[in-house]
Amino acid sequence: MSGKAPSATKQEASKSPKNFIELRIDEDNKTGRFGGEVHTRFPPEPNGYLHIGHAKSICLNFGLAQKYKGKCNLRFDDTNPVTEEDEYVQSIKNDVRWLGFDWGDSEFFASDYFDQLYALAQKLIKAGKAYVDDQSADEVAAQKGTPTEPGKESPFRNRSVEENLDLFQRMRDGEFNEGSKVLRAKIDMASPNMHMRDPALYRIKKKAHHRTGDKWNIYPMYDFAHGLSDSIEGITHSICTLEFEVHRPLYEWINNQLVDHRPQQIEFARLNLSYTVMSKRKLLELVQQNHVNGWDDPRMPTISGLRRRGYTPRSIRNFAERIGVAKRDGIIDVALLEHSIREDLNKVANRVMGVLDPLKLVITNYPEGETENLTAINNPEDESAGKRELPFGREIYIDRADFMEDPPKKYFRLGPDRLVRLKYAYIVKCTGYEKDDNGNITEIHAEYYPESKSGQDTSGLKVKGTIHWVSVAHAVKAEVRQYDRLFMDEDPAGHKEKDFKEFLNPDSLEVIEKAYLEPSLLKARPGDRFQFERKGYYCVDPDFTTEKPVFNLTVTLRDSWAKIAKKG
RNA sequence: UGCCCGAUGGUGUAACUGGCAACACGUCUGAUUUUGGUUCAGAAGAGUCUAGGUUCGAGCCCUAGUCGGGCAACCA
1451 MSGKAPSATK
1461 QEASKSPKNF
1471 IELRIDEDNK
1481 TGRFGGEVHT
1491 RFPPEPNGYL
1501 HIGHAKSICL
1511 NFGLAQKYKG
1521 KCNLRFDDTN
1531 PVTEEDEYVQ
1541 SIKNDVRWLG
1551 FDWGDSEFFA
1561 SDYFDQLYAL
1571 AQKLIKAGKA
1581 YVDDQSADEV
1591 AAQKGTPTEP
1601 GKESPFRNRS
1611 VEENLDLFQR
1621 MRDGEFNEGS
1631 KVLRAKIDMA
1641 SPNMHMRDPA
1651 LYRIKKKAHH
1661 RTGDKWNIYP
1671 MYDFAHGLSD
1681 SIEGITHSIC
1691 TLEFEVHRPL
1701 YEWINNQLVD
1711 HRPQQIEFAR
1721 LNLSYTVMSK
1731 RKLLELVQQN
1741 HVNGWDDPRM
1751 PTISGLRRRG
1761 YTPRSIRNFA
1771 ERIGVAKRDG
1781 IIDVALLEHS
1791 IREDLNKVAN
1801 RVMGVLDPLK
1811 LVITNYPEGE
1821 TENLTAINNP
1831 EDESAGKREL
1841 PFGREIYIDR
1851 ADFMEDPPKK
1861 YFRLGPDRLV
1871 RLKYAYIVKC
1881 TGYEKDDNGN
1891 ITEIHAEYYP
1901 ESKSGQDTSG
1911 LKVKGTIHWV
1921 SVAHAVKAEV
1931 RQYDRLFMDE
1941 DPAGHKEKDF
1951 KEFLNPDSLE
1961 VIEKAYLEPS
1971 LLKARPGDRF
1981 QFERKGYYCV
1991 DPDFTTEKPV
2001 FNLTVTLRDS
2011 WAKIAKKG
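Just so you know, we're using this note's numbering here: the first sequence kicks off at 1451 and counts up by one.
By construction, these hints were calculated from the structure, which means they are not laboratory data. A portion of the hints provided could be inaccurate.
As the list claims (entries may be wrong) - Below 35 Å or equal to it, Euclidean Cα-Cα: the simulated DSBU-like pairs (lysine-lysine) are:
hint, residue 1, residue 2
1, K1912, K1860
2, K1656, K1730
3, K1730, K1797
4, K1732, K1810
5, K1602, K1579
6, K1873, K1948
7, K1777, K1594
8, K1543, K1655
9, K1656, K1873
10, K1797, K2013
11, K1730, K1777
12, K1797, K1837
13, K1777, K1860
14, K1873, K1860
15, K1521, K1543
16, K1964, K1732
For clarity, every value in this text was computed on a predicted model and none was experimentally measured.
Sequences are here, hints too, so could you generate the full structure?
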């Protein structure tokens, strides 16, 4: 009997509603199925880079282990040497670590179990539940039947245990050519579940493996290796995506035949994000056809892309928490991802002045050659971030969008005879402007009110707008890469008749060669994140040098003026 | 013509063993603001795919259907 007040447990439960997997685990804990243990695993195949969808799975698996005080293994599902490479192993480890998860010494490889798996396959053969088939892949496929018609049994299905054992060993020893023989489970060629129609368990591949070298000529298939690896590692809940649902009977069949510890496979819906694609194949296509500049292009939904884009690990974890876990597949609005990063960066990113589309403004009544150092607050959300000095002078750059020749009444910025505050500096009044032959505005003239200085304003003037600026004399020229969504369609891969690449956004990257930033940014280091006041969050790109500073747009600030302007 | 899974506001997720549908994002209003940011206050928006059934009572249970997704790699 516990003396706990029922209200306490109720309150706890209402704090964070449980997802169906947690409910399932609670049930197993209640019945003592796994002795109250919770042991999960994240099992990537090292054949590509991790993306935000994997992040969901990582957060889920490691998160479950944390919640239930269990363990989560990192296991590389490396059973196919033709596509897998060590380079991917390294990038995956790097990404998981970056996301903030620690697998301690629980780092495994399915290839570590090849000997055990081989022995288990022999055991299956001895039990009369597996056989070597001499037919080609095409022949096997032809006999498989269709979802509505049963398959036909292989003529090699009833070989003797001895012959199967001998043949399997010779497969291992490299006596046969690739594709000439395959080890199959002997289950049921008439099963309504296609995966139960004598699935392949081992195939011959005379290819060196990134870890086992040329030791093996045969490699286990996913269905054979995965569940057994789970069992070997003592996994209790083997969480995977929905497409493996139909594999579950096979997963269970294999473990039931061969091992005592039988994990529970649970499937959940993979993540889909609007305005992007998530399949490895499609992402690879974007990279190979140079639609993006590599796997870590900031427009890619890969972990490395998001990292270069300026996303924080915490924002991604929060995102994963917020989207929840269920079996229904849908499409998450990228606005939620963007909200997660804004939420985090708002609290931690220092504010800074950056003019992306420069327009010179000359303060005609300000003394020539004079410089003032003004005090600027680094982060209004975090006093401990301190203050800094900002040089001000007669000539400054402002953003072109902050001036209109003929502004509507709702526009709060600069226009002929209008007043605006230069943030941390003075209030200025536009007294005129110059245009070139094409009618483009080339320069603004203004007069400042000396008594309106920030912090000691005695002018009594009231202005509706405050704009950012950078002193011409002190400006740091930088390259700013403005990123926008990669696709123009909400579900680019969802059109049966059209290739997803038709929806590529031609304006997903705009490189601004000459942006002007405040001088403090020269001290920035790759990975640093800032808020360019009134514009958005930016991070320092790895390409950054003090000779040529480079910044990436992570996400723009919310912009209610854009909404007003849009409405007209 | 088979098997498996799913269906709750615009989007995603909730609703303890049935008890008058909640949270987040988004949208809209207003306040504050030396960021048209943030913050704060508030609003609109679903009656839970359909039809039956069980029940005092159904989003939750049962039946049938509809719609959506998945399954026939020697890929994972």
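The hints, checked one at a time:
A C-alpha spacing of about 16 Å is found between K1912 and K1860, which places the hinted pair at or below 35 Å, so the restraint holds. Pair hint K1656 plus K1730 holds up; C-alpha atoms about 25 Å apart against a cutoff of 35 Å. At roughly 33 Å between alpha-carbon atoms, K1730 and K1797 fall within 35 Å of each other, so this suggested pair holds. Taken as a hint, the K1732 and K1810 pair is broken in the structure, with Cα atoms around 44 Å apart against an allowance of 35 Å.
Of the pairs offered as hints, the one joining K1602 and K1579 holds, with about 17 Å between alpha carbons and a cut-off of 35 Å not exceeded. With a CA separation close to 49 Å, the supplied pair K1873 and K1948 exceeds the 35 Å bound. Restraint check for K1777 and K1594: satisfied, since their Cα atoms lie roughly 29 Å apart, inside the 35 Å limit. A hinted pair counts as satisfied when its Cα atoms are at most 35 Å apart, and K1543 with K1655 qualifies at roughly 27 Å.
Annotation: proposed proximity of K1656 to K1873 is violated, straight-line Cα distance about 68 Å (limit 35 Å). A threshold of 35 Å between alpha carbons decides the hint, and for K1797 with K2013 the separation of about 24 Å falls inside it, so the pair holds. At roughly 21 Å between alpha-carbon atoms, K1730 and K1777 fall within 35 Å of each other, so this suggested pair holds. A C-alpha spacing of about 16 Å is found between K1797 and K1837, which places the hinted pair at or below 35 Å, so the restraint holds.
The hinted pair formed by K1777 and K1860 fails the criterion: a straight-line CA distance of about 47 Å is larger than 35 Å. At most 35 Å may separate the alpha-carbon atoms for a hinted pair to count; K1873 and K1860 meet this at roughly 20 Å. Between K1521 and K1543 the CA atoms are separated by roughly 17 Å; this keeps the pair inside 35 Å, and the hint holds. With a C-alpha separation of about 34 Å, the suggested pair K1964 and K1732 falls inside the 35 Å cut-off, and the hint holds.
The structure does not agree with the numbered hints 4, 6, 9 and 13 stated previously, though it agrees with the rest.
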